[in-house]
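S.K.: Sequence:
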Amino acid sequence: MFADSEIAESARVTAVDAHWPTIPGMTSPELIDVFGAIVAVEVEEADRERIRSQWSRCLADTGLPADAEIPLREHIETHRRDYQLATELTLAGIRQSAGSRLMLHAAGVADLATGSVIALVAPSGTGKTTAARWLCRNGFGYVSDETVVISTDLTVTAYPKPLSVVIDPAEPTHKRQESPDALGLLTAPVALRLSTIVLLDRDPDAGEPEIEQLALADGLLALIPQTSALPAMDHPLGTLAGLVVAAGGVLRLRYRDIDQTADILRSALATPRVQPEILDQLHPAPGSELPEMYDAAPAAPAPTAALSLGSTVTRLPYTDAIAIDESIVVLVGSSTVVLDGLGSTIWRHCERPVSADALVDRCRQEHGDHADATHLVLDAIEVLYSSGLLQYS
Numbered sequence: 248m249f250a251d252s253e254i255a256e257s258a259r260v261t262a263v264d265a266h267w268p269t270i271p272g273m274t275s276p277e278l279i280d281v282f283g284a285i286v287a288v289e290v291e292e293a294d295r296e297r298i299r300s301q302w303s304r305c306l307a308d309t310g311l312p313a314d315a316e317i318p319l320r321e322h323i324e325t326h327r328r329d330y331q332l333a334t335e336l337t338l339a340g341i342r343q344s345a346g347s348r349l350m351l352h353a354a355g356v357a358d359l360a361t362g363s364v365i366a367l368v369a370p371s372g373t374g375k376t377t378a379a380r381w382l383c384r385n386g387f388g389y390v391s392d393e394t395v396v397i398s399t400d401l402t403v404t405a406y407p408k409p410l411s412v413v414i415d416p417a418e419p420t421h422k423r424q425e426s427p428d429a430l431g432l433l434t435a436p437v438a439l440r441l442s443t444i445v446l447l448d449r450d451p452d453a454g455e456p457e458i459e460q461l462a463l464a465d466g467l468l469a470l471i472p473q474t475s476a477l478p479a480m481d482h483p484l485g486t487l488a489g490l491v492v493a494a495g496g497v498l499r500l501r502y503r504d505i506d507q508t509a510d511i512l513r514s515a516l517a518t519p520r521v522q523p524e525i526l527d528q529l530h531p532a533p534g535s536e537l538p539e540m541y542d543a544a545p546a547a548p549a550p551t552a553a554l555s556l557g558s559t560v561t562r563l564p565y566t567d568a569i570a571i572d573e574s575i576v577v578l579v580g581s582s583t584v585v586l587d588g589l590g591s592t593i594w595r596h597c598e599r600p601v602s603a604d605a606l607v608d609r610c611r612q613e614h615g616d617h618a619d620a621t622h623l624v625l626d627a628i629e630v631l632y633s634s635g636l637l638q639y640s
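No gaps in the numbering here: position 185 of the sequence shown is 432 in this note's numbering, and each next residue is one more.
None of these hints come from the bench; they were simulated from the model.
Be careful, since some hints might not be right.
Cβ-Cβ distance ranges computed for the label pairs, FRET-style [as the list claims (entries may be wrong)]:
| id | residue 1 | residue 2 | range |
| --- | --- | --- | --- |
| 1 | 437 | 346 | 44 to 54 Å |
| 2 | 306 | 536 | 39 to 49 Å |
| 3 | 428 | 469 | 31 to 41 Å |
| 4 | 469 | 555 | 32 to 42 Å |
Idealized CB from N, CA, C, for every residue including glycine.
Work out the full structure, taking the sequences as your base and the hints as a guide.
M.R.: Okay, here's the thing in structure tokens:
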């Protein structure tokens, strides 16, 4: 998983605005197409054939200008160097696409006839590469084992990188890079479109594979940690939710062995699904202060007095929010919070400063009277304050 903190903090690749210069004594770089970004990799002649073989389906035309450049690291063993290169190439592509396309931490497999793509979403080390390797030898086209890149019109850009295969289970980050051509993986159609989003849930105790559709809020909460650079999107939650709705929602596949799943996945591709529409998109007002893009929700300013009915309550800056049924999902930087019940009502009505007493009245109107209404509302305000969503004074 390429966390947003890696994107924010890791050393940036060098931007390149022209063709790679020819310097006496240096070998020419290999140009790799990383879901549309052309990345130049410094390669020694001794490594060139191996790198070209691994990245055979991502090699770019030599005449193209590079968007970024990275070196092939030296002084480490070959497997580790190749894995590091794969990581750096993927991060370079993520940086180039941040803010323009949605990127899921997922394997992608495609129907060979239609180009319909299933995004198989899962954290690192939980089955994506194994799924891609088996399914793409058995009737599906290979899109990626790592990152599924989706435009807002559901167009998918393939990233048929070498598969990162664990060498020693005791050291899961020690992986070798295997070419999809050498593995005999079927090639995906050129025109690809997202059709189905599936959360992989590999369980050694599972029986027959089972697939279920998640509620929209639950599906979003499961997807958000498996995205890259989501906060860089314009209206990120609304954009992600719109994509999920257009794809018919989020499915969860519980299975023991991936070789049991081809039929159920084909059935999912062929079955139309309807996902309820979003009720409301609660974007920050134009010109609003926004949190740092990849930071967790900041702590609210320390209150100047204890919370009481006379306190003034207001929202803190947030990145995006959407309302789904009775819930509100709020994104603050890289942190996601789901609000239900009193929390949802209070947050929605704090767009402008409001007294805690008025919030108690509002909650009575929407949820009915309660003998402990005042205490319940004040407690809920404290919870929202501690979550970095509100401040009071």
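S.K.: Would you pick out the hints that fail for this structure and give their numbers low to high?
M.R.: 1
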